[in-house]
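Turn these sequences into a full structure, and let the hints guide you.
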Amino acid sequence: MRKVAVSIRGFVKRFGSVVAVDGLNLDIFDGEIFGFLGPNGSGKSTTLLTIATVYKPSKGDVEVYGFSVTREGDAVRKLVGIAFQEPKALWVDNPYELLVWHAMVVGYSLTDARKVVREVMEELGLWEHRNKLFSELSGGTRKKVEIAKLFIQKPKLAIFDEPTAQLDVTTKHFVWGKIRDMNKEGSTIIVATNDMVEAERLSDRVGIIYRGTLRALGSPSELKDMIPGGDIIEIRVEGFINESILRKLGDILEARRLDLSNGVLKVYVNKGEERIATALDILTRENIKVRSVAMKEPSLDDVFFYFTGAKLEEVRG
Amino acid sequence: MKENIRALILVMLWDIRKLGRYKFFLVMRFTWFLVQVLIFGLLVAAMVSIRGPGGLLDYYKFYVIGAYTAVLFSISIMKGHDVAEELEDGLIDYQLSLPIERRILALGRALGGGLASFTYSAPMLFVTVIVLKVQNLIALSALVIISLLLAISISGLAVSIALILRSGDRLDILMGVSDSLLVRLSTIFYPVTALAAVAIYYYVAKVNPVSHAADMLRYVAEPGEFSGYVVADPLIMVSLIAGFAVASTVAAIVLLDRKIEGGYGR
Ligand SMILES: Nc1ncnc2c1ncn2[C@@H]1O[C@H](COP(=O)(O)OP(=O)(O)OP(=O)(O)O)[C@@H](O)[C@H]1O
Ligand SMILES: [Mg+2]
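Protein chains in written order, with my numbering: chain A, 1 to 317; chain B, 1001 to 1266.
Where hints are given, some of them may not hold.
Below, computed lysine-lysine pairings styled on PhoX-like, alpha-carbon distance capped at 25 angstroms [stated by the list, open to error]:
id, chain 1, residue 1, chain 2, residue 2
1, A, Lys266, A, Lys248
2, B, Lys1002, A, Lys115
3, A, Lys115, B, Lys1018
Derived by calculation from the structure, the hints in this document are not laboratory data.
What follows is the structure in structure tokens.
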């Protein structure tokens, strides 16, 4: 049994008549990087803010390392840190003072706070902006200040709400590296994101939330295998394939769908890697000449579409 | 305990850190105060003559302390506005997520708000002390303490109301109303002896903590001059002011600790 860092049970959150999260059950394990995926408005931020004790559950409970967010909030806050989706700072603040204040609140002495803040600001290219007002910073720079808080804090459970949403490519890769480093140094990480590349690069496991409930949970490759007919075997053939051969192929390969156009046969199957050989075997026996074979795995995009309602075929066109 | 005191000081710094950022606001307030003291006060004092138990009242001095109390009051009430703004900008969300006990967070915001408001009004207190020629060290410290208590009370109250109303606009309206009511229906500009003529006015002014603060400041600054014109016995005034400070701080703590969650800005 893996140690559980966050246990979410029957969690419901309502805002007036809006049900933001509707009965969520989820365990996040100690030491993992957990990717939290879902379309806009699906309840990601609401869930993360509840883990961070900013919101209170309308129903159910959330525990962080065994402490309840409703009854033992003070204990939870000692373990959790969150970088918000919208950067939080006074407009009249300058990044340096804000981060030093943050560092001291999370336990650094003034001397250490100054040191660590400078290090992190330099790494993120923020040092030159240290004395500007927050209102003068660009969107991406504000976002960097927000994530800097967690790189400074290094909490046991670090929550990043769409950390790289506004960052340039170089910074994105740097931030991913830093998040992985934090994880190696012992922090459990939750990353909410809409960016499939980010989810795939970072996450040990991914949870997909849609309209306030969990739709899928597993490692990125497990999730891909969950899509029925998610793999596509593309075979370029010479000559004609008749209906009966097609039907035979479909039956033996357990294909969800078969398309043949312009000499390219597309077979939609599960676990395509295990079926390529069989497919070639059948075709050779039927004397059909194969010119090339390729297999495409579904992307995490496909997984996302699949579990959040959009149909794979529709999206593929 | 040591950890909590450290956290408390850091939270108080949140408000104090902002002090230097509103210089324009401070200059405006100060200028307006000087206009009141140097022009209005003298004009009004020349027109008004109030005779009370202690003989003829020095209305100019009475007015200057009243003006100072009014300034302190409205600067402290601005704290409510600050907090409402922070709710809307999600800064309260940020603070709620920090590893600080909620009670300490609330106490720190109330005390920090009071201290920051007092600091803003310190130049006005300085002018007041000069005009009244207060030289006695005990009287000076008493003036500071009472001012601080009033600032903490009012900012605690304003913060609590901001947390309940959750909106800067609604807060501004309510604060505007309470500003005029609490200041008008008090002994800030009218001695209690003069108010006795209008019953409602008189009774409201008598229970209004702002009256007690203003009169206590007067009593401390010049007991000889003003002891005949106070709303209540000094001991009662001090208890009421201190009680008000504790009550409004506790209100802010209970609200932040139990009731409050983030997300108001959405
Ligand atoms: N403080 C709030 N008050 C009212 N409604 C809210 C509040 N916070 C969230 N909601 C609503 O709850 C739902 C879930 O919002 P949430 O912010 O959790 O979504 P999200 O998955 O983080 O979306 P995004 O990808 O856009 O950040 C939405 O319908 C949103 O409008
Ligand atoms: Mg969100």
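- Message: Just to be careful, I want the Cα atoms of B:Lys1002 and A:Lys115 compared with a cutoff of 25 angstroms; is the pair within it?
- Response: With a Cα-Cα distance of about 23 angstroms, the restraint between B:Lys1002 and A:Lys115 holds, given a limit of 25 angstroms.
- Message: Just to be careful, I want the Cα atoms of A:Lys266 and A:Lys248 compared with a cutoff of 25 angstroms; is the pair within it?
- Response: With Cα atoms ~14 angstroms apart, A:Lys266 and A:Lys248 stay inside 25 angstroms; holds.
- Message: Just to be careful, I want the Cα atoms of A:Lys115 and B:Lys1018 compared with a cutoff of 25 angstroms; is the pair within it?
- Response: OK: A:Lys115 and B:Lys1018 at ~23 angstroms, within 25 angstroms.
Violated hints for the displayed structure: none, as all numbered hints are satisfied.
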